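Sequences listed follow chains A and B, in order.
Start counting the first sequence at 1; every next residue gets the next number (this note's numbering).
Start counting the second sequence at 1; every next residue gets the next number (this note's numbering).
No wet-lab data here; the hints were simulated from the structure.
Bear in mind that the values here come from a model prediction, so they are computed numbers and not experimental data.
Treat the hints loosely; a few may be bogus.
Partial list, derived from the structure: chain A residues whose beta carbon lies under 7 angstroms from chain B [claimed, not checked]:
#1 F4
#2 Y6
#3 L134
#4 F143
Ideal placement from N, C-alpha and C gives every residue a C-beta, glycine not left out.
Protein chains: 2
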Amino acid sequence: MTVFMYEASVAPFRARLKSLRHILAKGEANAAERKIDPAVFLQGRLAPDMLPLVSQVRIASDHAKGATLRLSGRAPVPFADDEATFADLRQRIEKTVSLLDDFSPTEFEGSEDRDIELRLGGRDLAFKGLRYLLDFAQPNFYFHVTTAYDILRHNGVPLGKPDFFVEG
Amino acid sequence: MTVFMYEASVAPFRARLKSLRHILAKGEANAAERKIDPAVFLQGRLAPDMLPLVSQVRIASDHAKGATLRLSGRAPVPFADDEATFADLRQRIEKTVSLLDDFSPTEFEGSEDRDIELRLGGRDLAFKGLRYLLDFAQPNFYFHVTTAYDILRHNGVPLGKPDFFVEG
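Chain A extracted, bound-state conformation (with noise of 0.2 angstroms):
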């Protein structure tokens, strides 16, 4: 049985974080090549008023986790957010694997009709898990991680598509 909730939430979240390790340790070894501090990437931004790298990362390992925490019912699982170099980031995508890996599938039976409630900016927000899912917290991830992606791209490292694809 594709109990679905846990295919299109556990397995996509996993395989871009590792994407996103990839894409970002082609930053570092990009950085030191070019004898940039890697401040500058981990500070880079699109905009002055737009979020940096760390925290690109910070939040897309924030809605994998808070996703699927919410979904299968678990408690959640607060992180320090604290990062400050490449090899932090690292490491807090591998705790985001490490608990993705924790799930089994039976945990996500029925969470396309579990309430889902959560605080956001001063608004409180109400769904049901499989609108949560696909209209929140998907998006979500996707808009950091492909930030995450462009800032490094802006900067000149060399990343192309396939990088959003690979696993590393």
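Once you have looked at the hints, place chain B on chain A.
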């Protein structure tokens, strides 16, 4: 009965295409306000060897269209790829949304097991429908919608994360 393959494709593609329409409308208005030739935004890129805004919108539309046509077993619906203005892009999004509106959930029943084959950049790809949607069509679609947003954001269009969720 929830036809998950329909819910995970038609509805989220349509929602984010409408957001893209809203984002492009803000881009068009901002160009007019700042007396910038709209072509500057339409040809805007995040890196010299990355595709411009107009292509990001076309490819997002293609993934939404291609995925739903393939999963439902309908024949391809080619678009001309000749958009040159914001009005043209709006029309392309509207054509894509109309196509999505025309699907019924029953057309996607069992599509998780459908064999999907495509040729991309000289490579033959083969998937079952479930993995095609979750690991290929969805991430590609979101990649291009987000990059369209990021290009306009980088060019100073007053966009914020909530705009990614407005359906215009």
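Hint F143 (chain A) vs chain B: min CB-CB distance below 7 angstroms?
Hint holds; F143 (chain A) Cβ to chain B Cβ min 5 angstroms, cut 7 angstroms.
Once the shortest beta carbon distance from L134 (chain A) to chain B is found, is it less than 7 angstroms?
holds (5 angstroms)
Hint validity - Y6 (chain A) Cβ closer than 7 angstroms to any chain B Cβ
violated (11 angstroms)
Is the hint on F4 (chain A) kept, meaning its closest Cβ partner in chain B is under 7 angstroms away?
At 4 angstroms from the nearest chain B Cβ, F4 (chain A) passes the 7 angstroms test, so the hint holds.
Of the numbered hints stated above, the single one contradicted by the structure is hint 2.
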